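Numbering-wise (our numbering), the sequence shown opens with residue 1 and increments by one.
Calculated directly from the structure, the hints in this document are not laboratory data.
In silico DMTMM-like pairs for lysine to aspartate or glutamate, Cα to Cα no more than 20 Å straight-line: (1) Lys13 <-> Glu144; (2) Lys107 <-> Asp86; (3) Lys107 <-> Glu88; (4) Lys116 <-> Asp64; (5) Lys66 <-> Glu31; (6) Lys107 <-> Glu92; (7) Lys83 <-> Glu108.
In this text the structure is predicted, and so the values were computed from the model without any measurement.
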Amino acid sequence: MEPRERVRRFLDKLPYRLEILEFEEDTHTAELAARAVEVEIGQIAKSLLFLIGGQPVLVVTCGDVKVSQSKLKQNLGLSGKVKLADGEITEELTGFPPGGVCPFALKEQITVVLDKSLLRYPHTYAAAGTPHSAVAVTVEQLLEITGGKILEVS
1 MEPRERVRRF LDKLPYRLEI LEFEEDTHTA ELAARAVEVE IGQIAKSLLF
51 LIGGQPVLVV TCGDVKVSQS KLKQNLGLSG KVKLADGEIT EELTGFPPGG
101 VCPFALKEQI TVVLDKSLLR YPHTYAAAGT PHSAVAVTVE QLLEITGGKI
151 LEVS
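Given the sequences, and given the hints that come with them, work out the whole structure.
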């Protein structure tokens with residue numbers, strides 16, 4: 001199943017409506033997505049896959065902040081080397097291409113961490129499975145649909 005269709009089917013099962021926004025322009029970086037959606041960079045929810053001691057962790061944070069690998073490891077209570085997953089591993093585990101990683105409808109069961117920076121906005125725009133799509137979502141909705149937890153990792 002195509003990534004966008006997987007996201008659509010996931011959203012269709014929710015008790016509320018979240019709409020996928022499609023863009024002609026590329027949205028594979030927070031800067032490009034912010035330009036397409038016409039919001040500030042911080043309102044873009046970027047999803048980054050990290051491997052901590054080989055264990056995958058998807059971090060969702062505002063587009064204008066940098067993830068602190070030491071805070072991520074410490075606040076999750078994990079040990080081992082922390083590294084950002086490359087594009088191939090990201091696509092293999094999430095089912096989404098780099099620049100289109102949606103924080104839900106993941107191919108594999110992955111721990112999801114929502115950075116506290118997301119609380120600055122009433123809603124953010126996350127990738128919806130492709131580098132040309134997004135979905136507006138609140139932190140509360142992200143918590144519910146990802147099963148994630150809010151931690152300070154930036």
